[in-house]
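Those protein sequences? They're chains A and B, same order as listed. In terms of this note's numbering, the first sequence opens at residue 1 and continues consecutively. In terms of this note's numbering, the second sequence opens at residue 1 and continues consecutively.
Treat the hints as calculated values from the structure; they're not laboratory data. Even for Gly, the Cβ is constructed at its ideal location relative to N, Cα and C. Keep in mind that a hint or two might mislead.
[Said to hold, decoys possible] Derived pair list, reagent style DSSO-like, types lysine-lysine, alpha-carbon separation capped at 30 Å:
| hint | chain 1 | residue 1 | chain 2 | residue 2 |
| --- | --- | --- | --- | --- |
| 1 | A | K111 | B | K76 |
| 2 | B | K16 | A | K76 |
| 3 | B | K27 | B | K76 |
| 4 | A | K86 | B | K150 |
| 5 | A | K86 | B | K76 |
| 6 | B | K86 | A | K16 |
| 7 | A | K86 | B | K86 |
| 8 | B | K111 | A | K16 |
| 9 | B | K86 | A | K111 |
| 10 | B | K27 | A | K150 |
| 11 | A | K76 | B | K150 |
| 12 | A | K90 | B | K150 |
| 13 | B | K104 | A | K104 |
| 14 | A | K104 | B | K16 |
| 15 | A | K90 | B | K111 |
| 16 | A | K150 | B | K104 |
| 17 | A | K111 | B | K90 |
| 18 | B | K150 | A | K27 |
| 19 | B | K90 | A | K104 |
| 20 | B | K16 | A | K151 |
| 21 | A | K111 | B | K16 |
| 22 | B | K86 | A | K90 |
| 23 | B | K104 | A | K27 |
| 24 | B | K90 | A | K16 |
| 25 | A | K86 | B | K151 |
| 26 | B | K90 | A | K90 |
| 27 | A | K76 | B | K111 |
| 28 | A | K27 | B | K86 |
| 29 | A | K111 | A | K86 |
| 30 | B | K90 | A | K27 |
| 31 | B | K111 | A | K86 |
| 32 | B | K76 | A | K90 |
| 33 | A | K16 | A | K76 |
| 34 | A | K104 | B | K111 |
| 35 | A | K151 | B | K150 |
| 36 | B | K27 | A | K151 |
[As the list claims (entries may be wrong)] So these bits of chain A aren't anywhere near chain B, every CB distance computed over 12 Å:
| hint | residue |
| --- | --- |
| 37 | R3 |
| 38 | G17 |
| 39 | D63 |
| 40 | I67 |
Number of protein chains: 2
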Amino acid sequence: MLREGEICRSNYFVEKGCLRLYFINEKGSEQIIQFALENWWLSDYVSFNNASPAQFYIQAVEDSVIIELTRNHQDKILDEIPAMEKYFRKILQISYAANQNRFKFLYGFSKEENYQHFTSLFPEFVQRIPQYMLASYLGFTPEYLSELRKKLSQ
Amino acid sequence: MLREGEICRSNYFVEKGCLRLYFINEKGSEQIIQFALENWWLSDYVSFNNASPAQFYIQAVEDSVIIELTRNHQDKILDEIPAMEKYFRKILQISYAANQNRFKFLYGFSKEENYQHFTSLFPEFVQRIPQYMLASYLGFTPEYLSELRKKLSQ
């Protein structure tokens with residue numbers, strides 16, 4: 001839905017399915033930054049805000065139903081319907097809070113603790129996505145994730 | 001201004017000076033997650049949103065002038081003045097975009113690249129704050145930061 005270097009002109013709402021936001025790192029591997037599940041919004045917000053070239057790719061992880069809200073439409077809706085400002089402000093405030101939590105875990109905890117935290121928060125999601133994508137999101141190699149799962153299941 | 005375990009009942013605006021948001025990690029060290037400079041807002045948003053115990057400390061880094069907006073006041077202002085919804089939605093959308101960038105750097109780049117990226121974005125700030133705080137924010141030991149600065153100045 002979006003490639004690095006394009007302008008991200010839309011905010012995407014997941015009606016059904018799952019999106020991922022990722023970039024290609026210097027080693028040529030896909031590094032996943034975010035997933036978006038049902039009822040969540042996803043965009044490359046720097047590109048969306050500034051109409052600058054996107055730094056990320058956005059792609060569906062599985063068959064999905066997505067509502068695309070273009071920047072122009074979003075601006076119009078926000079101007080015409082004040083309740084939508086409140087809606088997006090609340091969504092962003094919750095997302096921003098989740099980011100503070102995620103930074104805490106990235107900085108303060110071991111890889112194993114990060115994995116256990118994530119699986120305790122999203123047990124069904126961990127079963128649902130391909131394991132190499134979960135590994136990428138957690139900053140692991142697929143081999144490390146596989147070893148960790150074996151170790152924890154013993 | 002806030003200690004871990006307290007309820008964060010306010011959103012703080014930096015009129016002058018600088019705040020930091022940090023937690024104490026398992027080794028007993030302060031791990032800084034965020035700084036807030038002039039014209040920026042800072043809060044423990046999980047605690048602020050849910051009235052749950054704070055996970056972070058918030059403290060002034062230098063003599064500062066701070067405007068404290070309590071949750072009750074913010075809710076009132078947002079209900080009475082729709083333009084404030086737009087203001088906070090925009091602020092949060094910009095902050096969220098900055099977080100996506102930061103995740104990209106945390107996942108995709110080396111410690112040295114992270115340091116160079118941060119100093120290129122905020123050259124004055126890097127001079128202004130105590131170096132052990134900069135090290136903490138970047139996830140370095142103070143010794144590593146000192147060595148890196150020496151190496152890069154050669």
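Quick rundown of the hints versus the structure:
| no. | hint | result |
| --- | --- | --- |
| 1 | A:K111 with B:K76 | 42 Å, violated |
| 2 | B:K16 with A:K76 | 35 Å, violated |
| 3 | B:K27 with B:K76 | 41 Å, violated |
| 4 | A:K86 with B:K150 | 49 Å, violated |
| 5 | A:K86 with B:K76 | 13 Å, holds |
| 6 | B:K86 with A:K16 | 28 Å, holds |
| 7 | A:K86 with B:K86 | 8 Å, holds |
| 8 | B:K111 with A:K16 | 38 Å, violated |
| 9 | B:K86 with A:K111 | 38 Å, violated |
| 10 | B:K27 with A:K150 | 28 Å, holds |
| 11 | A:K76 with B:K150 | 52 Å, violated |
| 12 | A:K90 with B:K150 | 45 Å, violated |
| 13 | B:K104 with A:K104 | 16 Å, holds |
| 14 | A:K104 with B:K16 | 26 Å, holds |
| 15 | A:K90 with B:K111 | 34 Å, violated |
| 16 | A:K150 with B:K104 | 29 Å, holds |
| 17 | A:K111 with B:K90 | 34 Å, violated |
| 18 | B:K150 with A:K27 | 28 Å, holds |
| 19 | B:K90 with A:K104 | 24 Å, holds |
| 20 | B:K16 with A:K151 | 51 Å, violated |
| 21 | A:K111 with B:K16 | 38 Å, violated |
| 22 | B:K86 with A:K90 | 11 Å, holds |
| 23 | B:K104 with A:K27 | 14 Å, holds |
| 24 | B:K90 with A:K16 | 27 Å, holds |
| 25 | A:K86 with B:K151 | 49 Å, violated |
| 26 | B:K90 with A:K90 | 12 Å, holds |
| 27 | A:K76 with B:K111 | 42 Å, violated |
| 28 | A:K27 with B:K86 | 41 Å, violated |
| 29 | A:K111 with A:K86 | 36 Å, violated |
| 30 | B:K90 with A:K27 | 35 Å, violated |
| 31 | B:K111 with A:K86 | 38 Å, violated |
| 32 | B:K76 with A:K90 | 15 Å, holds |
| 33 | A:K16 with A:K76 | 25 Å, holds |
| 34 | A:K104 with B:K111 | 18 Å, holds |
| 35 | A:K151 with B:K150 | 42 Å, violated |
| 36 | B:K27 with A:K151 | 25 Å, holds |
| 37 | R3 | 15 Å, holds |
| 38 | G17 | 21 Å, holds |
| 39 | D63 | 25 Å, holds |
| 40 | I67 | 18 Å, holds |
Hint violations for this structure: numbers 1, 2, 3, 4, 8, 9, 11, 12, 15, 17, 20, 21, 25, 27, 28, 29, 30, 31 and 35, all remaining hints satisfied.
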